[in-house]
Amino acid sequence: MAPSNLSHRRTHNLLLISKLLSLRDTASPFTLLQDSLEQPAAPLVKEYIRRAKLSKVHVTFISYETLKRPDGVDAFISTRRKTPTEILREASSAYHQDTGTEPVRRRLIIIDSINPLLNSKTLDPGFHLPSILGSFIAPSASSNGRAEASLVVTYHQDIPSQPQRDHYSPPPLSMLTYLATSIIALHSFSHILARKAARDRSFVPPVFGLEEEQDGVLLSRLDKLAGTGAAEGVVLELEHRRKSGRGVLEWYLLPPASRYSPHHVKEVVTLLDDNVLYNPPKEAETSGGNDEPQSTFELGLTDRQRRDREGVVLPYFDAQQGDGPGEGGRILYDMGEEDDFDEEEDEI
Amino acid sequence: MPSQPPLPPLLTPYLSDQPESSLTVISSVLGATSNWLVLRYLHASLSNTANSNISPESDGSIGSTSRRVVLVSFMRSWDFWKTEAKRLGLDLARLRDKRQFVFVDGLSELFTPPASASSSTVPIGSATHATLPLRNRPTPVPGRGPLAAGSLDRSAPNRPVQGDASNSVKLHFRGRGITALDAIEKDIISELDRQRASSDENEELLLIIDQLDLLLAATGPGLGIGATEMADWVMGLQQHAHATVLTIAADSPLIHNAATNVHGDRTPIETEHAALALGLAHRARTVMQLRMLETGAARDVSGVLRISRGGGWNGEAKHSLDEKELLYYIQRDGGLRVFGRGES
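Chains as they are written, first to last, in full-length UniProt numbering: chain A, 1 to 348; chain B, 1 to 344.
What the hints contain is simulated information worked out from the structure, not anything from laboratory work. It is possible that some hints are incorrect.
Cβ-to-Cβ under 10 Å is the rule here; a few derived chain A residues that face chain B [what the hints assert, rightly or not]:
| no. | residue |
| --- | --- |
| 1 | Tyr64 |
| 2 | Pro163 |
| 3 | Val313 |
Backbone N, C-alpha and C fix where the C-beta goes; we use that ideal spot for every residue, glycine too.
Modelling step: build the complete structure from the supplied sequences, incorporating the hints.
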């Protein structure tokens with residue numbers, strides 16, 4: 001990758017991820033996090049909550065699989081035995097309760113796992129996913145005015161989806177990726193490194209966890225590098241759709257939460273390409289970059305010497321003229337002024 | 001061979017330390033069952049006063065808090081657990097009388113029609129017979145006594161209530177869908193609450209659910225029960241216990257068929273079971289995966305135990321959790337050895 005390109009990406013894309021994670025300017029109203037057992041989305045969700053707290057954003061946590069209220073969440077909504085409409089109503093009332101008289105606050109709505117909702121057996125046939133998700137972020141019609149809301153939804157990729165009830169509607173994942181304004185796929189950093197190491201040697205990249213398809217293996221994550229602190233972190237593969245329609249693809253690295261304080265304001269996310277483990281710095285090259293062998297003799301040619309050398313007619317060209325046998329094949333050389341005549345060698 | 005301590009020192013930190021509202025998922029395969037691990041959980045929780053001669057490093061962690069345990073078993077009978085626990089030196093019957101341990105029987109009468117209607121009418125009889133093969137899934141357990149077949153066979157319908165098991169709670173599945181699950185849940189929760197009400201401040205209540213996938217397999221989407229409903233059901237129970245341990249099968253066909261045949265034919269049980277098992281693993285703090293040796297059978301290794309952090313592990317510093325892969329060997333006398341690869 002050309003260095004100018006990398007520095008351009010560094011400026012723009014770091015700004016972008018900072019804007020997305022801190023929910024500035026409603027850059028992405030609907031973010032889809034695609035995680036797996038190998039790399040759960042919990043660290044990223046924590047980071048969202050941490051940043052929301054720093055910028056005083058109201059956080060609503062809609063729990064499909066979390067038992068305990070996470071730290072820093074303003075409203076925690078359990079979804080057990082509730083229909084989507086009830087959840088929706090509860091989420092909006094919790095917000096209005098908390099921000100009754102205050103000026104408009106930005107909102108962050110987190111759904112910790114959308115899979116149970118998609119796989120539920122008790123949904124009524126009229127359930128329409130886009131309209132439910134849309135009504136979470138649509139500005140409420142109350143007097144509170146327009147509150148900017150961002151929705152962050154986690155989808156577990158490894159949980160198989162149900163067979164379609166309606167064969168003419170797209171599968172839920174297609175629907176979600178179509179609706180999302182940003183899609184973040186999460187990968188484990190050590191797995192990314194292992195895959196890259198294999199690719200660099202043209203080996204088949206290794207697979208982990210469920211993809212191993214081994215009997216009895218659900219999870220492979222064994223943090224062999226845990227103590228060293230080397231390959232910790234979460235790799236984020238971001239696809240962001242700008243309002244203009246242009247897409248941005250970038251890979252980032254989110255360091256583990258223990259590396260920075262909870263009140264750290266500066267950006268902690270870095271580009272994956274900037275990581276020394278992923279992209280080790282090239283060995284110091286010799287200046288000038290010429291690849292000729294070093295010696296005490298002058299092995300190069302001056303321009304004039306090169307021109308003269310090109311002017312030499314090689315013997316086999318002469319031999320092709322067909323002057324008859326015995327003719328041709330001579331070395332034709334015009335002596336230059338700097339040449340010495342050597343009787344023994346230049347005998348013709 | 002010298003007799004082994006009931007709790008291997010390598011496993012003790014995992015067995016005795018469950019933070020509040022944590023979920024531990026034990027996944028097993030047919031050749032590497034989870035009974036021994038459940039028994040070790042029982043032992044670690046219940047035997048703190050009885051055994052003072054366990055290994056010295058475990059004294060500090062166990063001795064501080066005593067536990068009460070509710071065991072909900074869908075695949076094994078009371079007799080099985082009682083006998084197996086006795087081999088570890090744990091008298092479950094006595095603990096049950098002391099109300100420190102409660103056994104909830106989800107096996108023997110789960111699908112038995114109510115007693116009033118059980119006057120051997122034809123449709124009811126056939127219904128119970130249809131469900132029996134599911135429950136009698138043969139699982140070879142290494143190093144287990146010859147009691148399995150006998151104890152399961154006696155769980156025929158309309159068996160007279162034994163005096164031994166008279167005060168154990170029996171679960172009944174009636175109706176369909178969420179209402180049926182709710183009824184079962186209510187029965188278990190009432191037991192949990194009774195345990196909690198009678199316990200001290202510092203006593204932790206541990207809920208162990210053994211093979212809850214049987215409930216899903218025996219009902220299924222046809223009865224309006226799927227992975228979401230089961231996971232919801234577990235969450236309802238979790239709210240009433242300090243910590244929850246549950247076991248689930250993770251055999252390849254149950255997990256991988258649904259993922260690989262995305263367009264092909266996959267049965268509802270493959271989809272639902274995979275969704276349930278993986279969903280629970282996403283929720284769990286600890287996932288203990290039992291499997292057989294990849295390299296084939298060995299004389300001195302029963303299987304592999306891999307301890308991983310699940311999706312619900314939230315990086316807490318107080319309860320650290322080391323990921324590990326260990327080999328285990330269950331001896332003929334029920335003793336257990338746990339060791340790392342290459343050690344013995």
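Quick rundown of the hints versus the structure:
1. Checking tyrosine 64 of chain A against chain B: minimum C-beta separation of about 8 Å stays under 10 Å; hint holds.
2. Below 10 Å, beta-carbon pairs count as interface contacts, and proline 163 of chain A has one with chain B at about 7 Å; its hint therefore holds.
3. For valine 313 of chain A, the interface hint is violated, the least distance from its beta-carbon to any beta-carbon of chain B being 70 Å, above 10 Å.
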